[in-house]
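Trainee: Here are the chains, one letter per residue:
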Amino acid sequence: MNANLRRNWLVQGIASVGDCGLFFVAVLGALPKSLRYWRETCRQVWFVGAMSLVIVMTCGLFVGMVMALQLYYTLSIFGGTAALGTVVALSLFRELGPVITALLVAGRAGTAVTAEIGLMRATDQLDAMGMMAVDPLAYVASPRFLAGLIAMPLLASVFNAMGIFGGHLVGVTWLGLDNGTFWGNMTSTVSLHKDILDGLYKSIVFGGVVSLIAVFQGYTAPPTSEGVAYSTTRTVVFSSIVILAFDFVMTAFMT
Amino acid sequence: MNPRPSYAIGTGLFILLGFAALAYLATQTTSVANIHSGDSYTVKARFQNIGQLKARAPVKIAGVRIGDVQSIRLEPQRMDALVVLSIDKQYNDIPDDSSAAIFTSGLLGDQYVGIEPGGSPTFLKSGDELVLTQSAMSIENLIGKFMVNGGPKSSSASSAPASGDAPASGKP
Amino acid sequence: MTVAVAESGSPSDALVQVRDLRTRLGAKLIFDGLELAVPRGSVTAIMGPSGTGKTTLLRHLTGQLRPDAGSVRVDGEEVTTLSRRALFGLRERIGYLFQNSALLTDFSVFENVAFPLRQHARLPEELLRNIVLTKLQAVGLRGAARLMPSELSGGMARRVALARAIVFDPMLILYDEPFVGLDPIALNQVLRLIRTLNRTLGITSILVAHELAAIRQVADSVCLIANGKLVAQGAPDELVHQDSPWTRQFFGGDADGPVPFHYPAPDYATELGFAGARP
Ligand SMILES: Nc1ncnc2c1ncn2[C@@H]1O[C@H](COP(=O)(O)OP(=O)(O)OP(=O)(O)O)[C@@H](O)[C@H]1O
Ligand SMILES: [Mg+2]
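These protein sequence lines map, in sequence, to chains L, E and C.
The first sequence begins at 1 in the working numbering and counts up one residue at a time.
The second sequence begins at 1001 in the working numbering and counts up one residue at a time.
The third sequence begins at 2001 in the working numbering and counts up one residue at a time.
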């Protein structure tokens, strides 16, 4: 593109979205080849997924607990505390689970992926792989992308389960709601298709988006300490914006 | 070939955990959970109007949960609702002339089936039917009554259904 | 140019053939019609002042960087227009020593050296171990096999990178400054290694280096690059004694001459504000 044109920030923004799109196509193109490096994918699932478990579980627990507390207070105004289980479950499955998990993963794993790839670029490791006839797209980018795609829905499920547990803990164990009411209302309202699967689709999309942004930012990070630092920040900022925007769009389409 | 099998194990565990959580959510928090069988026996009851009663709603005696609603369906020829209650095996000494009613916990809360024990020396068995039933109180009817009767006197009555001893006059 | 550039063999037996290479990086013209031929089975040293584009040339040879114009042929294949897949195919036959080692920091020394083998050859673990340890032994670092790259000194990292570059016994090895940071003993070992690889396996080597003494021991010919062109080529001893302004200045180490010591810059006095700024 013309150098003058590139200076305009709007054009630059659009161009970087385009770059990201092209990168996405390149990553998809490298996916078949990256199946050979499934061990690397496995390692990344470990890193993105398993290593995020603690934070995701803790946050899920507290989100469920605080939701139960808040909702209990609000619902008791209308005498509708029996709906607590339902409301906690629906909010978790449809919105909070996918979104908060995605934000947590962007902060916890996305930044790490960006910094790691950025440093690999800065220390010529990506070039070195290329020179050893190992496509860094297939060996570095695709496995991380795939790992995000795999790990995110699983993490969101764990988050939701912990949230339900937290909600149950507060609602039933602490505030003394009836256990059967809690579960009964939940199970009669929550639908496998509309709620759990829709939430799952969301988190798969978020997983793809977060890991794509993280990998892209790392891959295109200027090979300097400042460049890597900025790219890491951008990963969090862009991921958060895109997650919430996609969430809105997907919710609008799903309901 | 790879010197680090620990990743593979850890990743495998993580994936298993994720799917376990997903399976848990799918089976325990959705309607899938209502298909269950435990150590319990079933008793039938017919209601003119079940209001907002839902499957898995609790069944209580004297406020203590003894089981839950297993299924609700319409009896086409009689045009009433057949509710199947699943009651814990340990409560096998409920008199067979007991009555069932649908109550609301709180003003707008969910509904449950309350069983008022009778005095018969014989007990309910699996497959028996509770003959004496009382339909759900519908809020529209209550409001309707309030409008017709008017006056501040009946406003105190609006809390009556919550305690569960209102007469079953709420027929359409 | 002032010196006749010797045509080293006919193009058919040249493993690397560069024609009319033109490259501009940023605002700087790096290559301006470079011609280069490296015969199969030779050891060719590339010399030139810092920043002339020796690393850039190696990057052109391996397709990491596409030139603006010109042709680069390696083993009969036109690198500049090669598809990604074909390029990776070619690179499997090329070893490359990075100027800054570029070891994979996630892997131990052993795994770094084993990496190309693991990716491209299905070898039994036992054989792979033997090959890797042999190469590490050749650079004197067999004992460091279990260390991580962060635990190595600069010179050690360089030798590991060297072991990694040669582990596949490729047809062509490109060394970007292999002698930097090596003590005299290691230097001799590496020199011997390069020579052995060349003499016994016939591996063609292109090495970028500044150490004239070392180059004299291994290189069959030396190419001197300056101002984006090949300015002199010949056997090391010949070249040193050649009477051309380029060689005289470069090997004599003078700051003044046709080979620029300074990166292109505006006039010194003007930039410091002494000239023209005065009323
Ligand atoms: N990405 C880039 N953008 C702009 N200019 C660059 C870029 N990379 C390298 N250069 C310029 O290209 C020139 C050649 O760089 P190169 O690394 O090839 O030099 P070199 O001959 O290997 O030097 P040295 O002996 O110090 O390693 C340098 O002057 C450098 O300023
Ligand atoms: Mg260089």
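Keep in mind that the hints were calculated from the coordinates and are not lab data.
For every residue, glycine included, the Cβ atom is placed at its ideal position computed from N, Cα and C.
Treat the hints with caution; some may be incorrect.
What the hints assert, rightly or not - With the Cβ distance kept under 8 Å, some of the chain L side facing chain E (calculated, not the full set):
#: 1; residue: 26
#: 2; residue: 29
#: 3; residue: 32
#: 4; residue: 36
#: 5; residue: 91
#: 6; residue: 157
#: 7; residue: 185
#: 8; residue: 190
#: 9; residue: 191
To be verified - Calculated Cβ distances over 10 Å to all of chain L for the following chain C residues:
#: 10; residue: 2091
#: 11; residue: 2092
#: 12; residue: 2126
#: 13; residue: 2193
#: 14; residue: 2200
Trainee: Give a verdict on every hint.
Mentor: Hints, verified against the model:
no., hint, result
1, 26, "violated, 25 Å"
2, 29, "violated, 25 Å"
3, 32, "violated, 21 Å"
4, 36, "violated, 12 Å"
5, 91, "violated, 13 Å"
6, 157, "holds, 4 Å"
7, 185, "holds, 6 Å"
8, 190, "holds, 5 Å"
9, 191, "holds, 6 Å"
10, 2091, "violated, 4 Å"
11, 2092, "violated, 4 Å"
12, 2126, "holds, 20 Å"
13, 2193, "holds, 19 Å"
14, 2200, "holds, 23 Å"
Consistency note: the structure conflicts with the earlier hints numbered 1, 2, 3, 4, 5, 10 and 11.
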